[in-house]
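K.L.:
Make a model of the complete structure from these sequences and hints.
2 protein chains.
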Amino acid sequence: MKYPQGVRKQQSDSAQRSNEINYGQRGMTLEKDLDKTNQFYLDSKRAIIHKKPTPVQIVDVDYPSRKKAKITEAYFKVPSTSDYNGIYKGKYIDFEAKETRNKTRFPFINIHAHQVEHMRACHNQGGIVFIILKFTVHDEVYLYPFEHFVKHWDVFLADGRKSITYADIKNESILLPIKYNPRYDYLAAVDEFYFE
Amino acid sequence: MKYPQGVRKQQSDSAQRSNEINYGQRGMTLEKDLDKTNQFYLDSKRAIIHKKPTPVQIVDVDYPSRKKAKITEAYFKVPSTSDYNGIYKGKYIDFEAKETRNKTRFPFINIHAHQVEHMRACHNQGGIVFIILKFTVHDEVYLYPFEHFVKHWDVFLADGRKSITYADIKNESILLPIKYNPRYDYLAAVDEFYFE
Numbered sequence: 001m002k003y004p005q006g007v008r009k010q011q012s013d014s015a016q017r018s019n020e021i022n023y024g025q026r027g028m029t030l031e032k033d034l035d036k037t038n039q040f041y042l043d044s045k046r047a048i049i050h051k052k053p054t055p056v057q058i059v060d061v062d063y064p065s066r067k068k069a070k071i072t073e074a075y076f077k078v079p080s081t082s083d084y085n086g087i088y089k090g091k092y093i094d095f096e097a098k099e100t101r102n103k104t105r106f107p108f109i110n111i112h113a114h115q116v117e118h119m120r121a122c123h124n125q126g127g128i129v130f131i132i133l134k135f136t137v138h139d140e141v142y143l144y145p146f147e148h149f150v151k152h153w154d155v156f157l158a159d160g161r162k163s164i165t166y167a168d169i170k171n172e173s174i175l176l177p178i179k180y181n182p183r184y185d186y187l188a189a190v191d192e193f194y195f196e
Numbered sequence: 001m002k003y004p005q006g007v008r009k010q011q012s013d014s015a016q017r018s019n020e021i022n023y024g025q026r027g028m029t030l031e032k033d034l035d036k037t038n039q040f041y042l043d044s045k046r047a048i049i050h051k052k053p054t055p056v057q058i059v060d061v062d063y064p065s066r067k068k069a070k071i072t073e074a075y076f077k078v079p080s081t082s083d084y085n086g087i088y089k090g091k092y093i094d095f096e097a098k099e100t101r102n103k104t105r106f107p108f109i110n111i112h113a114h115q116v117e118h119m120r121a122c123h124n125q126g127g128i129v130f131i132i133l134k135f136t137v138h139d140e141v142y143l144y145p146f147e148h149f150v151k152h153w154d155v156f157l158a159d160g161r162k163s164i165t166y167a168d169i170k171n172e173s174i175l176l177p178i179k180y181n182p183r184y185d186y187l188a189a190v191d192e193f194y195f196e
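Each protein sequence line maps, in turn, to chains A and B. Going left to right, the first sequence walks through residues 1 to 196 as full-length UniProt numbering numbers them. Going left to right, the second sequence walks through residues 1 to 196 as full-length UniProt numbering numbers them.
Some hints here could point you the wrong way.
[Unchecked claim] List of simulated lysine-lysine pairs, BS3-like, C-alpha gap at most 25 Å:
#1 A/89 with B/89
#2 A/70 with B/51
#3 A/51 with B/51
#4 A/32 with B/77
#5 B/51 with A/68
#6 A/77 with B/32
#7 A/77 with B/51
Everything labelled a hint here was simulated from the structure, so no lab data went into it.
P.N.:
Here's what the structure looks like:
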C-alpha cells in the first residue's frame, strides 16, 4: 500500500484542464461521469462496478395496463450502504461519491454515519474501500482511501470536529486526472494505492 | 471446489421440516428469509451482503414540505445486475434469488438474459456467483453454483431448451437446511462448494 505524498504535479494539470475543458463539461455531474467511467470498465472487461439504484419506499402502485405498472406514491429512503460496489482484479470494491462546493473543507454533513459504518465493515472484511470526492469549485476529483478518511471520522465521533480540511484531503488522496474516456480513471489510482 | 453428489440426507430433513414448521412460515417469502439471513451475517460480522434496491425510473416528485419529497410518478426498471452482492472472507459474492411453483423444472423465463451475462462477467473476474432457487411446491431452497447453471443456460442459447430439470438442479446444487436464524445458511454451502 502506498501513501500519496501530495499532488503538486497533478494540480497544475488540473488548473490547465479547467481552462481547456470546463466549457464542454458544463452540466456533467460527478454521478454521470462515474456512470460513464463504469460503463467503460464494463465494456473493456476491466471491472464490474455499478451504482446501486436509489432506495425508494413504494407505497402505492397503479396497474393501468398489464405492461407498465405506475408507482403513484413513493418516498426516498436513507441508503444503508454506499452507492457503488463491484469486483476488480478479484477484489471486492466499495465506494461512495460525494461533491462539495466548499473550497477549504469537506463537511461530514455530506455523509451518513451508517454509510461510514458500512464502509468500515467492508474494509475490515478485506475490501478495497474509498470515497470519490469532488471539490466543484476547484474542479478536482480525489480518490480518498477509507484508511485515511476514517481517522478523521473517528476524531469527529470523539471530539465533534465536523469536517476534513482540503489540505489534509490533498495530502492523503490521489487526484484523478480527467480524460475523455474513462472520464475519471479511478482504478488507476486503486492500482497505485492498493496493488503496487 | 467440491461438486455435490446428491442430497438424499437433506431431502428427508426437508420433508420432516415442512411438517413441523410450515404453518408458522406461512406468508414468509424467500426475499424476507434472505433479508433475515443477511442481517444475521451482518450482525455476527460474518459477511456483508445486501439486496440492492429495486430499480425505479423516477418521473415526477412533489415537495409538499422540505422534509419529505413525495414521488408521484415512477416506473419499475429492468435490473441490469443480480439482486444481491457483497463480501465474504475477502471474496466478492454475487447472487440472484428466484422462486418457482413448477414441480419438475426451473423455466428460464424467470431470469433475465442480462442478469445471466452480469453473473458470467462476475464469475470470470473471480467472484463467487450462484443462484438461490426455491421450489415452493417442494418447499426446498437450493444454492445453485453459477458454474453448473451456465452450462444449461448456454444450451438454452444454442438450442432453445427453455428450462433446467428439477433432477439436474438437485444433482448440481446444495440443499439449504432451514433454521430459525440464519434462516438459510447459504454461506455454509458457499464454504462447502468454494472453500473446502
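K.L.:
The structure should be examined with respect to each hint, and the outcome stated for every one.
P.N.:
Hint-by-hint comparison with the structure:
| no. | hint | verdict |
| --- | --- | --- |
| 1 | A/89 with B/89 | 16 Å, holds |
| 2 | A/70 with B/51 | 23 Å, holds |
| 3 | A/51 with B/51 | 13 Å, holds |
| 4 | A/32 with B/77 | 18 Å, holds |
| 5 | B/51 with A/68 | 23 Å, holds |
| 6 | A/77 with B/32 | 18 Å, holds |
| 7 | A/77 with B/51 | 14 Å, holds |
Figure legend: structure checked against the earlier numbered hints; every hint is met.
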